[in-house]
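Trainee: Here is what each chain is made of, one letter per residue.
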Amino acid sequence: MIHFVLLVSRQGKVRLTKWYSPYSQKERTKVIRELTGLILTRGLKLCNFVEWRGYKVVYKRYASLYFCMCIDQDDNELEVLEIIHHYVETLDRYFGSVCELDLIFNFHKAYYILDELLLAGELQEPSKKIVARLIAGQDSLVEAAKEEANSISNIIAQATK
Amino acid sequence: MDSIISTFTSGTRLRDMIRAIRACKTAAEERAVVRKECAAIRASINENDQEERHRNLAKLMFIHMLGYPTHFGQMECLKLIASSGFPEKRIGYLGLMLLLDERQEVLMLVTNSLKQDLNHMNPYIVGLALCALGNICSAEMARDLAPEVERLLQFRDPNIRKKAALCSIRIIKKVPDLAENFINPTASLLKEKHHGVLITGIQLCTDLCKLCPEALEYFRKKCTEVLVKTLRDVVNSPYTPEYDIGGITDPFLHIRLLRLLRVLGQGDTDASDCMNDILAQVASKTESNKNAGNAILYECVETIMSIEDNGGLRVLAINILGRFLSNRDNNIRYVALNMLMKAISVDSQAVQRHRTTILECVKDTDASIRKRALELVYLLMNETNVEPLTKELIEYLEVSDQEFKGDLTAKICSIVEKFSPNKIWYIDQMLKVLSEAGNFVKDEVCHALIVVISNAADLHGYTVRALYRLFQASPEQESLVRVAVWCIGEYGDLLISNIGMLDIEDPLTVTESDAVDVVEIAMKRHSSDLTTKAMTLIALLKLSSRFPSCSERIREIIVQHKGNFVLELQQRSIEFNSILDKHKNIRSALVERMPVLDEATFSGRKSSSVPTTVSTSATSLKAPNGTVKPAAPLVDLLDLSSDDVPAPSSSGFDFLQDLLGVDMAPSSAPSNPNQATKTRADALLDLLSIGSSPLQNSPSSIDIISLSQEKPPPVVALDGLPSPSPAPSRAASQPTVGPILDLLDGLSSHLPAPENNRTSPAYPSIVAFESSNLRINFSFSKTDGNPQSTEVKATFSNLSQNVYTDFIFQAAVPKFLQLHLDPASSNTLPAGGADSVKQTLNITNTQHGKKSLVMRIRVAYKVNGKDMLEEGQISHFPRGL
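Keeping their order, the protein sequence lines are chains A and B.
Residues in the first sequence are numbered from 1 upward in steps of one, following the working numbering.
Residues in the second sequence are numbered from 1001 upward in steps of one, following the working numbering.
Honestly, the hints are just simulated from the structure, not real lab data.
Just so you know, these numbers come straight off a predicted model, no measurement behind them.
Watch out, some of these pointers could steer you wrong.
The list that follows gives simulated cross-link-like pairs (lysine-lysine, DSS-like), each with its CA atoms no further than 27 Å apart [claimed, not checked]:
hint: 1; chain 1: B; residue 1: LYS1371; chain 2: A; residue 2: LYS45
hint: 2; chain 1: B; residue 1: LYS1221; chain 2: B; residue 2: LYS1191
hint: 3; chain 1: B; residue 1: LYS1115; chain 2: A; residue 2: LYS18
hint: 4; chain 1: A; residue 1: LYS30; chain 2: B; residue 2: LYS1036
hint: 5; chain 1: B; residue 1: LYS1210; chain 2: B; residue 2: LYS1229
Excised from the complex, chain A in its bound form (with noise of 0.2 Å):
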């Protein structure tokens, strides 16, 4: 099980927490403060997956951004890696080439994209296509109620005139 989802930056900045696992507001400062100290130091060819507190920690770099995922002992981190490249690429098509800075304006994005691929820290769709065709659905959603809104501000807008 995948017990939360971290996106750091490389200066150490969280663009991204996802926890499956409780863990109280002030454990979840140490985690980070903890596990961007390990990562962030370890160098560029060393193994992707780093021992913590009796867990295992999955982390891929892309670009400017580091990826991590915390799994159990037994748990297959050659697959998490698969998972995180997974997300990555769903992002990408997404965002279309996708940079740290779409992460940040449209951080909440990014986390429904996740809530379709992950849910109780275990993959949900192996398919980008349906992750995409999800996220489309819900977003034309969205359009069309500030579509709605607007119509109806538009009215009130012209009424005060």
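Start from chain A and add chain B according to the hints.
Mentor: Coordinates of chain B only, in the frame set by chain A:
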């Protein structure tokens, strides 16, 4: 929408806030921006502004990610979830998952909204609710909403079914009783074609099997064949771009199927047989040039190792691991090492074949790989390969990273201790470790080494000469210095005379003053710690007798410490100086070579895991007259000053240990108390042999003891020593004939020491608290077999001339201790009454061996109707409680 709203309100847009925060150059600036934003959000929340809610929450989530407190926004999530529109719900659920966790009470309030949304017409909204439930639900919510989720497992939309399946995993983990309800719906998920549903269904099935034996039985019978067929179909399916992951079709499905088959096959021959063929196919056909393929192979190997034995398959699996191990990709090597640890219990011969490669991995630049490899090497060790493997490890120790040396040293020491074929090998290896990484060697390892050296009579000369050489080469390794100093002190004469020369040794010429030089260097080193320095003083004392020609020089060195600021060193210096000056006649007997330390006792004591170190400080005790003076009864024993009779404390025994140079805590191993006490007796006998010189010239310690003690055995005498009413204190009060005779006399006259302390280790009682009005004494006892708990008998003495009434004693302890107070024997303390009230305290030390007891006390009583209150802290409990 943001732009629209901003025309109506004064709040900034999310995008602007993020920009403003990113523009901050310092943390203080960022805090200011966040504070301003939070204030605006709070204001907006208070106004209950519905239009703003959506955006407030988005901002709060961003602020939350930066690590600022956002609890005030929690209720906003609930409001958004309760609203009707999809956009509001979407962000509301996201906020709920991010800002709250299952332990917050607020979460319960969302149960009702969740229930409604699980039954919503819009499948996207059902999806949102399932997602939130699956990620953060508590046991209570799981119980409430399980029926909804169970129903959704059959929902028409596959995307809801898969979410419901994963949500069910969380539910059954939170409430395992509910597992049974999910068995049937799960079975139907296993027949699905939709990969998402199939993957999640298999995952649910795996977790069900782990949680519920009935489920395991059910799925093993009904589904093994279906799953084997599914795996076969997936393996043989043509390339499907939609599920392509790194060139392989849906490795996730492969892996989950293999994992479930592992659970089903474990412990069941029929099920295992059923899957043999397909496992062989996966193991031999999967491409191993891509990570995804290797992930499948890795999972397959684990399944093969876990299911019931099939020789052929296991050979295949071990071969895959061998290939992994020689892979250039660090990740692959890491998982290979990981898997070999599991394989070792299945087929240790096969793993042994990869020994050289594994040993190479110990030297890898990657800390994760090194750690795994070291663990594996440790498991691979046996009597036959220990010598070459240890040699390799020690060679690597020279070049390894500083941060890895600690782990590596600990493992090497443990290996050497466990598998050493003979003593000389043990000593050789340990000396190498000490000279390479002495600073990382733990105290108990040094003590074990000293015990072994002491027992190897024929190697004394060899060892001391080797240590002398090593000390010259690496004087910066603390542990090496300690062992060297101890050995030179004990066997200094062998160092000079080259007695017991082995064929393998190079001849060495050391003069007496060279040997003293070594000890002096060790003492003057800045980095030497107190223990080392204290040991050097003892070594010098011993050398003064071994090397009469250097005696004067040694005395000068010892005298230099007379004014040392550290009490321990000062005291030793003064005492030793006095031995050198005034007691020349007994000196040689006093500093005789240590009797052989009992190995069985040492290992027995170690297994009882009583971590004790050489005492480095003398506990101070408040004597009845209120002056603080060091309590060291043995000092009195040796007749070095002290006209007062201090109560013995733990340090008395520590001092004995220090004098002996090895730690022998006053705690005998429960396994062999007799032997333990015997060694202690030996130790004491050695000390007592000082009495021999004035009487007769052959210092045979046993003789003299048996001479002076007719009735009781020496063991009793020793047990009596640290016990509450000790021999030495009375010994000192005997009419003085000569200090030494007096000593023996005193001891022998008080040998009927308490018998009841014989089995459990005795702890000296302490004056826990003393003021002008009140004294509290603690005495300790332990029950056998439970080292954690201590029974403390507290006795209270009224030191004033008034009666104390309404006497209440209270105590508080830190969290790692548990305290139980029995009622006091009385709540009135008569005037001047010594020990008139008693009270029993039971303390359980959950960190026994790591932390020592500490207690804060408060005593309330009334004197002539006036309330009195006294408080104090007790931290000078005897060690090892």
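Trainee: So, for every hint listed, does it hold in this structure?
Mentor: Hints versus structure:
1. B/LYS1371 / A/LYS45: Holds, at roughly 17 Å.
2. B/LYS1221 / B/LYS1191: holds, 15 Å
3. B/LYS1115 / A/LYS18: The given pair, whose Cα atoms are some 23 Å apart, holds under the 27 Å limit.
4. A/LYS30 / B/LYS1036: Satisfied, since the Cα-Cα distance of roughly 26 Å is no more than 27 Å.
5. B/LYS1210 / B/LYS1229: Since the Cα atoms of B/LYS1210 and B/LYS1229 sit roughly 22 Å apart, the hinted pair holds (cutoff 27 Å).
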